[in-house]
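Protein sequences appear in the order of chains A and B.
For the record, in the first sequence the residue sitting at position 193 is 1001 according to the working numbering, with numbers rising by one throughout.
For the record, in the second sequence the residue sitting at position 114 is 220 according to the working numbering, with numbers rising by one throughout.
Everything labelled a hint here was simulated from the structure, so no lab data went into it.
Please note that a few of the clues may not be correct.
Unchecked claim - Facing chain A, a subset of chain B residues (Cβ under 7 Å, in silico):
| no. | residue |
| --- | --- |
| 1 | Tyr248 |
| 2 | Asp252 |
| 3 | Ser279 |
| 4 | Val287 |
| 5 | Arg289 |
| 6 | Thr290 |
| 7 | Leu291 |
| 8 | Val293 |
| 9 | Pro305 |
| 10 | Asp369 |
| 11 | Pro382 |
| 12 | Glu383 |
Stated by the list, open to error - Only pairs whose alpha carbons sit at most 30 Å apart, straight line, appear in this in silico DSSO-like list of lysine-lysine:
| no. | chain 1 | residue 1 | chain 2 | residue 2 |
| --- | --- | --- | --- | --- |
| 13 | A | Lys1017 | A | Lys943 |
| 14 | A | Lys925 | B | Lys235 |
| 15 | B | Lys169 | A | Lys915 |
| 16 | B | Lys282 | A | Lys943 |
Every residue, glycine too, gets a C-beta built ideally from N, C-alpha and C.
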Amino acid sequence: MTDKFISIEGIARRYPAAGGGSTTIFENLWLSMARGEFGCIIGHSGCGKTTVLNILAGLDEPSEGAVIVDGRAIEGTSLDRAVIFQSHALLPWRTVLGNVAYAVSSKWRKWDRARVKAHAQKFIDLVGLTGSEHKHPSELSGGMKQRVGIARALSITPKIMLMDEPFSALDALTRGTLQDEVRRICLETGQTTFMITHDVDEAIFLADKIFLMTNGPGAVLAEIVENPLPKHRDRIDLHRHPYYYALRNHIVDFLVSRSKTFAADVGDHDPRNVPTVRPGLPELVIASGAEPHPQTSWPGLSRPSTST
Amino acid sequence: MTLRLRAAIVSIALLALFLGVWHLATRSTGAAANMSPEYAKLMGLTATQGKSAMPGPLDVGAKLWEHLKRPFYDNGPNDKGLGIQLAYSIGRVGLGYFIAVLVAIPLGFMIGMSPLISKALDPFIQVLKPISPLAWMPLALYTIKDSSISAIFVIFICSVWPMLLNTAFGVASVRKEWINVARTLEVGTLRRAFTVILPAAAPTILTGMRISIGIAWLVIVAAEMLVGGTGIGYFVWNEWNNLSITNVIIAILLIGIVGMLLDQILARFARMVTFPE
Chain A
809 MTDKFISIEG IARRYPAAGG GSTTIFENLW LSMARGEFGC IIGHSGCGKT TVLNILAGLD
869 EPSEGAVIVD GRAIEGTSLD RAVIFQSHAL LPWRTVLGNV AYAVSSKWRK WDRARVKAHA
929 QKFIDLVGLT GSEHKHPSEL SGGMKQRVGI ARALSITPKI MLMDEPFSAL DALTRGTLQD
989 EVRRICLETG QTTFMITHDV DEAIFLADKI FLMTNGPGAV LAEIVENPLP KHRDRIDLHR
1049 HPYYYALRNH IVDFLVSRSK TFAADVGDHD PRNVPTVRPG LPELVIASGA EPHPQTSWPG
1109 LSRPSTST
Chain B
107 MTLRLRAAIV SIALLALFLG VWHLATRSTG AAANMSPEYA KLMGLTATQG KSAMPGPLDV
167 GAKLWEHLKR PFYDNGPNDK GLGIQLAYSI GRVGLGYFIA VLVAIPLGFM IGMSPLISKA
227 LDPFIQVLKP ISPLAWMPLA LYTIKDSSIS AIFVIFICSV WPMLLNTAFG VASVRKEWIN
287 VARTLEVGTL RRAFTVILPA AAPTILTGMR ISIGIAWLVI VAAEMLVGGT GIGYFVWNEW
347 NNLSITNVII AILLIGIVGM LLDQILARFA RMVTFPE
């Protein structure tokens, strides 16, 4: 049994339906993550990803089941679990420093002004916003706003960082830069992070574990994909790694076709023991020196083996 | 030439046109023919010189200058300087409005934060809001037994509704994500109210306060006509009884200017709390 720093145990979320019954978004969902891991959850809209994240954050409550973090069942929101919102959710009447300091002074209420400021400044520097402390959010670009959101979340040194599609509203270049920053910060600080994304490449670059969810309503966690790429990976030559396409194709295949038919295909799916997949180098080995030509050697064409 | 300058020129031209037409319409047209001198004496200038009973701009200007030279004289109950009359009115509006702020903003906060209180109070607000503030006057006079305090009560009751409704609306429509930020930071209810909800709702609250001060200034004139004694509204009514149209016109002008100043003050406060998104 692996270390379960976060353990989601059989949670369900139901909403009352118009006809008097209830709509089940998902039920009997089990998921766990180890300390320091970066988990990404991928699935189509409506599969309940955001609901899972909100339950983890304490902003929403499961209809059934429990969530255990660091050995304790969570109850409501907590300063141990910081959220980075998709819409960055900065307070527009506060400056960059004011926004981060608000979080810092919420965590350490007895700290004096100077200490709060110094602590906040440290995290503003960490996300590369030195010099913009006294700007208001309206004066910042989308990427800079999200950096403030990240600084605010990190500044309270949470046990878990929860990110709800944090980069989806950004342009591709900014997104790439911020992904690099997040990866660097997470590796440096050993931050446990749980992120929702729609972007397969983002998941591959950032995550240690990728959770694949089927389509809702009645969504289930279909597979846990372990990222076979080395821990120290670089955006520039990520796609040259021999495992890259196997991994990417596996996820894309899932999203395109298997996420719809999963329930029918796999009759005896056990939500407590979701298969862990490690898409790796399949049978074919890429000849050394030669660049693999995509038409002749798509490694992902062969289905990776699944193990439970 | 900037737009501002051009607009100012057009404004001045319009004012000059208005004053010119006014002057021409009210000037004397010379002696009326064939009137026995005794009758003419009896009738006064209006009949003899063909002068309109309506004062012209020059009469009003001269009288206004007279008032401005001595704004604070006090020759007894029915003869006080305009400054004193305006001060009474502004004082009543200020007091009634201040009490309304003290009631409306906390109550609006409660209504905005609690769907239960909102639903429970809604029928009362819906019924009380459309009542003309002056309709309260007899009831106020009967229960309070003091005409001056009754006028303040009327100001209170008319300015409370826009502030109450705007505060409730502003508080209820604070963005969920800002509330969620406060929740994830474990910010307590009171601190949340002051650090998130109040700044977020402040522009809406100030809009309500600005509407309220406008209504209060509209109502004070009518209220003072009823309660009498002091104030610009009473002055207007008194001068009407004196048939001094000149003074009535001066009072109308001053009511407009003071109303504009009150609105500008609130607009300035509103700009201070507005935040760009």
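Do the hints match the structure? See the list:
1. Tyr248: Where the cut-off is 7 Å and the nearest Cβ of chain A is about 47 Å from Tyr248 of chain B, the hint is violated.
2. Asp252: violated (43 Å)
3. Ser279: The hint is violated - Ser279 of chain B has no Cβ within 7 Å of chain A, the shortest such distance being about 15 Å.
4. Val287: holds (5 Å)
5. Arg289: Cβ of Arg289 of chain B sits 5 Å from chain A, so the hint holds.
6. Thr290: This interface hint holds because 5 Å falls under the 7 Å limit.
7. Leu291: The hint holds - Leu291 of chain B has a Cβ within 7 Å of chain A, the shortest such distance being about 4 Å.
8. Val293: With Cβ-Cβ at 5 Å, under 7 Å, it holds.
9. Pro305: This interface hint holds because 5 Å falls under the 7 Å limit.
10. Asp369: Asp369 of chain B check fails; min Cβ-Cβ to chain A is 24 Å, beyond 7 Å.
11. Pro382: Holds. Min distance 4 Å.
12. Glu383: This interface hint holds because 6 Å falls under the 7 Å limit.
13. A:Lys1017 with A:Lys943: With Cα atoms ~37 Å apart, Lys1017 of chain A and Lys943 of chain A exceed 30 Å; violated.
14. A:Lys925 with B:Lys235: violated (47 Å)
15. B:Lys169 with A:Lys915: violated (67 Å)
16. B:Lys282 with A:Lys943: Holds. Lys282 of chain B to Lys943 of chain A sits at ~23 Å (cutoff 30 Å).
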